[in-house]
Amino acid sequence: MNDNKLLEVKNLKKYFNLRSGFLSQRFSGSVKAIDGISFFINKGETFGLVGESGCGKSTTARVILRLTNPTEGEVIYNNINIFKISSREMFKVRREIQIIFQDPYASLSPRMTVGDIIGEPYEIHSIGNRQERTKKVKNLLKVVGLNPEHINRYPHEFSGGQRQRIGIARALALTPKIILCDEPVSALDVSVQAQILNLMSSLQKEFDLTYLFIAHDLSVVKHVSDRVGVMYLGKIVEIAKSEDLYEKPLHPYTMGLLSAVPIPDPQLERQRKRIILQGDVPSPLNPPSGCRFHPRCPNAQEICSIEEPQLKNYSEDAGEHLAACFFAGKPI
Amino acid sequence: MHGWIQESGLKKKKLMFEKEKESIGITGEIAEDSYLEKKYSRSSLYKDALKRLRRNKLAMLGLAIVIALILIALFAPLLAPYDPIARIKADSSLAPSSVHLFGTDLLGRDIFSRVIYGSRISIEVGIIAVGISVIIGLFLGALSGYFGNIPDTVIMRIADIFFAFPYILGAIAIMTVLGPGVINIFIAIGILGWASFARIFRSSILTIKNKEYIEAARALGASNYRIITKHIFPNAFAPIIVYATMNIGTAIIVEAALSFLGLGVQPPTAAWGKMLAESLDYIDIAPWMMVFPGLAIVITVLGFVLLGDGLRDAFDPKLR
Amino acid sequence: MDSSGNNKILEVNNLKTYFYTDGGIVKAVDGVSFDLKVMETLGIVGETGSGKSVTALSILRLIPQPPGKIVEGEIIFDGKNILDMDKKELQDFRGNKISMIFQDPMTSLNPVFTIGNQLMEAILAHKKITKKECREESYRLLELVGIPDIKRRFESYPHEFSGGMRQRVMIAMAIANSPSILIADEPTTALDVTIQAQILELMDELKEKTKSSIIIITHDLGVVAKYADRVMVMYAGRPVEFSQVDNIFYNPLHPYTIGLMKSIARLDHGKNEKLKPIEGTPPSLIDLPEGCVFRVRCEYAEDECKSQYPPLSEIEPGHFVSCFRAKEFLSGSLVRNK
Ligand SMILES: Nc1ncnc2c1ncn2[C@@H]1O[C@H](COP(=O)(O)OP(=O)(O)OP(=O)(O)O)[C@@H](O)[C@H]1O
Ligand SMILES: Nc1ncnc2c1ncn2[C@@H]1O[C@H](COP(=O)(O)OP(=O)(O)OP(=O)(O)O)[C@@H](O)[C@H]1O
Ligand SMILES: [Mg+2]
Ligand SMILES: [Mg+2]
Numbered sequence: 337m338n339d340n341k342l343l344e345v346k347n348l349k350k351y352f353n354l355r356s357g358f359l360s361q362r363f364s365g366s367v368k369a370i371d372g373i374s375f376f377i378n379k380g381e382t383f384g385l386v387g388e389s390g391c392g393k394s395t396t397a398r399v400i401l402r403l404t405n406p407t408e409g410e411v412i413y414n415n416i417n418i419f420k421i422s423s424r425e426m427f428k429v430r431r432e433i434q435i436i437f438q439d440p441y442a443s444l445s446p447r448m449t450v451g452d453i454i455g456e457p458y459e460i461h462s463i464g465n466r467q468e469r470t471k472k473v474k475n476l477l478k479v480v481g482l483n484p485e486h487i488n489r490y491p492h493e494f495s496g497g498q499r500q501r502i503g504i505a506r507a508l509a510l511t512p513k514i515i516l517c518d519e520p521v522s523a524l525d526v527s528v529q530a531q532i533l534n535l536m537s538s539l540q541k542e543f544d545l546t547y548l549f550i551a552h553d554l555s556v557v558k559h560v561s562d563r564v565g566v567m568y569l570g571k572i573v574e575i576a577k578s579e580d581l582y583e584k585p586l587h588p589y590t591m592g593l594l595s596a597v598p599i600p601d602p603q604l605e606r607q608r609k610r611i612i613l614q615g616d617v618p619s620p621l622n623p624p625s626g627c628r629f630h631p632r633c634p635n636a637q638e639i640c641s642i643e644e645p646q647l648k649n650y651s652e653d654a655g656e657h658l659a660a661c662f663f664a665g666k667p668i
Numbered sequence: 037m038h039g040w041i042q043e044s045g046l047k048k049k050k051l052m053f054e055k056e057k058e059s060i061g062i063t064g065e066i067a068e069d070s071y072l073e074k075k076y077s078r079s080s081l082y083k084d085a086l087k088r089l090r091r092n093k094l095a096m097l098g099l100a101i102v103i104a105l106i107l108i109a110l111f112a113p114l115l116a117p118y119d120p121i122a123r124i125k126a127d128s129s130l131a132p133s134s135v136h137l138f139g140t141d142l143l144g145r146d147i148f149s150r151v152i153y154g155s156r157i158s159i160e161v162g163i164i165a166v167g168i169s170v171i172i173g174l175f176l177g178a179l180s181g182y183f184g185n186i187p188d189t190v191i192m193r194i195a196d197i198f199f200a201f202p203y204i205l206g207a208i209a210i211m212t213v214l215g216p217g218v219i220n221i222f223i224a225i226g227i228l229g230w231a232s233f234a235r236i237f238r239s240s241i242l243t244i245k246n247k248e249y250i251e252a253a254r255a256l257g258a259s260n261y262r263i264i265t266k267h268i269f270p271n272a273f274a275p276i277i278v279y280a281t282m283n284i285g286t287a288i289i290v291e292a293a294l295s296f297l298g299l300g301v302q303p304p305t306a307a308w309g310k311m312l313a314e315s316l317d318y319i320d321i322a323p324w325m326m327v328f329p330g331l332a333i334v335i336t337v338l339g340f341v342l343l344g345d346g347l348r349d350a351f352d353p354k355l356r
Numbered sequence: 518m519d520s521s522g523n524n525k526i527l528e529v530n531n532l533k534t535y536f537y538t539d540g541g542i543v544k545a546v547d548g549v550s551f552d553l554k555v556m557e558t559l560g561i562v563g564e565t566g567s568g569k570s571v572t573a574l575s576i577l578r579l580i581p582q583p584p585g586k587i588v589e590g591e592i593i594f595d596g597k598n599i600l601d602m603d604k605k606e607l608q609d610f611r612g613n614k615i616s617m618i619f620q621d622p623m624t625s626l627n628p629v630f631t632i633g634n635q636l637m638e639a640i641l642a643h644k645k646i647t648k649k650e651c652r653e654e655s656y657r658l659l660e661l662v663g664i665p666d667i668k669r670r671f672e673s674y675p676h677e678f679s680g681g682m683r684q685r686v687m688i689a690m691a692i693a694n695s696p697s698i699l700i701a702d703e704p705t706t707a708l709d710v711t712i713q714a715q716i717l718e719l720m721d722e723l724k725e726k727t728k729s730s731i732i733i734i735t736h737d738l739g740v741v742a743k744y745a746d747r748v749m750v751m752y753a754g755r756p757v758e759f760s761q762v763d764n765i766f767y768n769p770l771h772p773y774t775i776g777l778m779k780s781i782a783r784l785d786h787g788k789n790e791k792l793k794p795i796e797g798t799p800p801s802l803i804d805l806p807e808g809c810v811f812r813v814r815c816e817y818a819e820d821e822c823k824s825q826y827p828p829l830s831e832i833e834p835g836h837f838v839s840c841f842r843a844k845e846f847l848s849g850s851l852v853r854n855k
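Protein chains in written order, with my numbering: chain A, 337 to 668; chain B, 37 to 356; chain C, 518 to 855.
Same shape as in the complex, but just chain A (with noise of 0.2 Å):
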C-alpha cells in the first residue's frame, strides 16, 4: 500500500503458558493475551488502542518492543522485522522506540534522582560525558515544563502529573522516532490530563514523533488519534480513520463501548439512547468459539458461533474501514 508505514504489526499471538504443578511444570492451559492481531502505524501519526482491561493493549507494547518474545508473527519497524535481529542489533533500534506507562508512581525508580533516571538513556548508551548529559537532561525538563533545579530531587516529590512528564522526558532522551504510549493518563486528574495531552500533542509536532496510543478511555483516545483500532479479548475488531470509527463504527462491540460512554453534556445525555452491554467480559483463559463477542452481541446469530469473522474493509471512499463482523454495520 504505501510506504509511509513506520510500523506494521503482522498476525501477532502472544500466549502466556500457565503451569502448574511442583517440580514437573505441567502446562495447563494458556492465555491467548494476543491472538494474531495486525495493523500498521504510519509516520507521524497517532494511531489509538481501545479495548477494556485485559483484552491486551499492553501486552502489544510489550511484543512490540520485544520485552517477551512473541509467540507468532512479526513487527516490522522501519523495514526490519525485529524479531529476526540480533540483541545488538536490538539495542540500536532501541533508541528509536520507547515507552511511556500508565502508573507516574511505578514506572520511576524511588531510589533515584530525577537526573539519574532521565539520564539512564544516555549512561546505557554510552553518550556524551557526564556534563553533557547533565546538560541534556536539565534541557529535557525544560522541554517538558518541568524547574531544571529539580534535577536531584527524588520522585516521591512530585505530583502524579509532574511524574509523568519526567517519564516523557526519559523516552524522548534518546529522540526517538516512534513512542509507545500505555494510557499515559488514566491515573490522572482531568485537568492534569488535559496539561499532558497537550504536552504530548505539542512534542509530537516538535520532534516529528509517531505515537502508539493505548488507552480505555474512549473520550481521550478520540482526542489524539488519527486512526484507531478497538481490541477485544485479544483480537482486532475494528480498524479506521479516527472520524470514521466514531461516526460510523461498525462492529456491535465498537457501538456498545462507546454507547457506554457517558458525555459531560446533561441535554444531550437526556435524549441519548444508551445500549449497555450485558454480561462481563469473558476469560482469556477459554475464549468463546466463532466471534468471541458474541456471547455478549445483541446482534449475535448462529454462524456467530461457529466462525470466526474475519477482519474485511466496508470503506465507503478510497479509505480503509475494517472490522470483523459478519454482520457489520448493522445497528444495536
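Incorrect hints may appear among the rest.
Below, a list of computed lysine-lysine pairs in the PhoX-like style, where the Cα atoms sit at most 20 Å apart [said to hold, decoys possible]:
(1) 554(C) / 541(A)
(2) 726(C) / 554(C)
(3) 577(A) / 379(A)
(4) 791(C) / 541(A)
Rather than coming from a laboratory, the hints here were simulated on the basis of the structure.
Starting from the structure of chain A, add chains B and C with the ligands where the hints point.
Just chains B and C with the ligands now, kept in the frame of chain A:
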C-alpha cells in the same frame, strides 16, 4: 489466570487511590518553587525510616546496646584492666570485688576482661558470618528471582533442604567436618544462613521485577547486570537489612553454642560460649563465672533483636 | 421537583473535618454545606484530594480518629444531628438509614467468607429474622442486582467474582436494609467501561424502585451529566459551586468549574479541539492561602479575592457559588475567556 485479571484491576484501583494524592499540575511554565518546597519536604524511604526508628524507644535501646558493644569490641585493650589470657594463680576463683569486677575464673583470669574481649569474637562472628550469608543469599536469590525457571527451581529446592535442617544441628555437623576454629565458624554459620536471605531477596525481586520502571529500563536497552545492580538492589535492600540485623543475634547464639560444645573457638581465646562451658562444673562454688558471660550473650542478642524489630517497623509502619 | 419543598432528607451545614498530622493541620473539609432531597441524585466532583471522600465518610462518622476530627458543623438526617448520636444510635443508623459503596470492591469484601455469608451478615445486622428468611432475602437481593446463577454464586468466594460482579454484591449489601440514602464513592472507577455503564444503570434503577437518594462521588463529568440532578463542585476542601446539573454544565459561575469544563476531552468533540487545562497548582491543605483558595490559579482574580474567602451564596435561585465575581458572569458583564 483469574488472578491476573484481578491483579490488573487491582493495579488500576490502587492507582486511582494513590494517584495524585496531592496533585500539582503545571503547564508549559515552571511550578513555583517555594510552593513545592513546602508541600514536599525532602525525605526518602531511608530518611523516613530513620525518623520512625528514632521515635521507637525499644529500638533505640537496641541500637545503644549494639553501638556500645561495637565500641567495647573495638577498644577492648583499653577497657580491659587485665590481660584476658594471663593466668594469675593466686587469684583463682575470686568472687567479684573492686579489684576484679566480675571475679576471676579457675585459672585466675579476670572475667571482666575476658567478657570484654569475648565481645570481639561475638561481633566478628555476627558480622562476618552474616555477611557471608548475605552475599551468598543475594547472589543466589538474584539468580533465582530474576531469571526464574530452572535456576529458580533448583536454587529454591536447595534452600528448602537448608530450611529443613535445624540450624544448630547443621552447624555442629559442618564444624565436625571442618574442625574447630574461628574461621570455620564463619564458614559454617555463613553457609547455613544464606537460604533465608535468598528467599527474602527473591521475593523482593519478584515484586520489583514486574514494576514498570524495570520495563522502562529494559526498553532503553539496559543489560541484566545494570538492571539488577542499579534498579533492583537498591529497592530490595530494606528487608535484607532488617533480617540481617536480627540474624546477627542468631549467629552470636550459634557461635556461643558451638564454643560451648567445644567445636568453636579454642582455648585460651576468650569467647562467651566457651566461658559458659568452663563455668559449668563450678556453678555452685563460682556462679559469677557463668552469670557474666551469660548476661553478655543475652544482652547482645537482645540488642540486635530489638534493633532488627525496630528497623522492620520503621521500614514498614503498616506491619505493626 | 422544585427546590423549595420540604423534602430534604439530609442537610449538611458548615461541616469541617480536619486531620491533625505531623506536618500540620490538614483542612480536608473546610465548610461544606449542601442538602439532599428525596429521590435525588447528587453528584460531588472535584480534583483528587479536594475532600470528597472525607465529606462522605464524615456523614457516616467513619473518619479515623485520630488523626481526623469533625471540628464543626451539623449533619441533619431526618431531623436528627448525626454528630450528636452515640455509639448505639450510630450502629443502628449506618447501613440501615445511610449506606455506602466504596471504590474498591476488592478490599470491601472479606476474602475468607462466602458472598452469601457476608450478605446475610449485612442483613442480620439490622433485621431480626430467621436464617431461612434471611437466605431468601439474600436471593432476592442478588437477583435484584443482576447476579446470574444465584444459588451457586451464593456459596462462592469473592475472588471467584469479577470486579463488576463484586461491585454488584456490594450494592446488594448496601441496599439490603433499604436505606434512604446510598453514598457511592467512585463506585465504578475500578471497572471497565461497559461494566461501569451496567453498574450505574443498576444504581439508577434501584433508586427509582426503592425511592431513595444517591450521593455519587466521581471524577467523571460524563457520569455526572448522565445521572446527577444536582452537582456540588469541590475545591481544596470547600464547595465552590452547587446547583442543578444544567447550570454547572451550561452556565458555570465559578472560575474553577468554568476551567474544568474546558479541560475535558469529550467523545462528541473532534481531534483538533484544543483542551484548555487549568493553569497552576491546587494549594496544600495545610497552609491555605489567605482569601479565596482558588485565587492563585484564577484568571479573573481581583484584589478583593486576596483578603477574604468568598462565602457560598445563592447567586440565582438554586445556584450557589463561592466567588465574588459570580454575579458578573451571570449578568454577562464579565465574559468567560475562550
Ligand atoms: N506474564 C503474564 N502471564 C500470564 N498472563 C498474562 C501475563 N501478562 C498478561 N497476561 C494476561 O494477558 C491478558 C492481556 O493482558 P494485558 O496486560 O495486555 O491487558 P491490557 O489490555 O493492557 O489491560 P489493562 O487495561 O488492564 O491494562 C490478560 O488476561 C492478562 O491476565
Ligand atoms: N487519614 C488521613 N490522615 C491525614 N490526611 C488525610 C487522611 N484522609 C484524608 N486525608 C487528606 O484529606 C484530603 C482530602 O482527601 P479525600 O480522600 O477526601 O480526597 P478526595 O476528594 O476523595 O480525592 P480522590 O479523588 O483522590 O478520592 C487529602 O488531602 C488527604 O490527604
Ligand atoms: Mg494495560
Ligand atoms: Mg476519594
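Legend entry - Restraint status (C-alpha distance of residue 577(A) to residue 379(A) at most 20 Å): holds (15 Å)
Inset, instruction - Assess, step by step, whether the Cα of residue 791(C) is no farther than 20 Å from the Cα of residue 541(A), and give holds or violated. - result: holds (14 Å)
Inset, instruction - Would you check the hint for residue 726(C) and residue 554(C), treating anything up to 20 Å between C-alpha atoms as holding? - result: Cα-Cα ~16 Å, so holds.
Legend entry - Pair hint outcome, residue 554(C) versus residue 541(A) [Cα-Cα no greater than 20 Å]: At roughly 50 Å apart (the allowed maximum being 20 Å), residue 541(A) and residue 554(C) break the hint.
Hint compliance for this structure: hint 1 is the single one not met.
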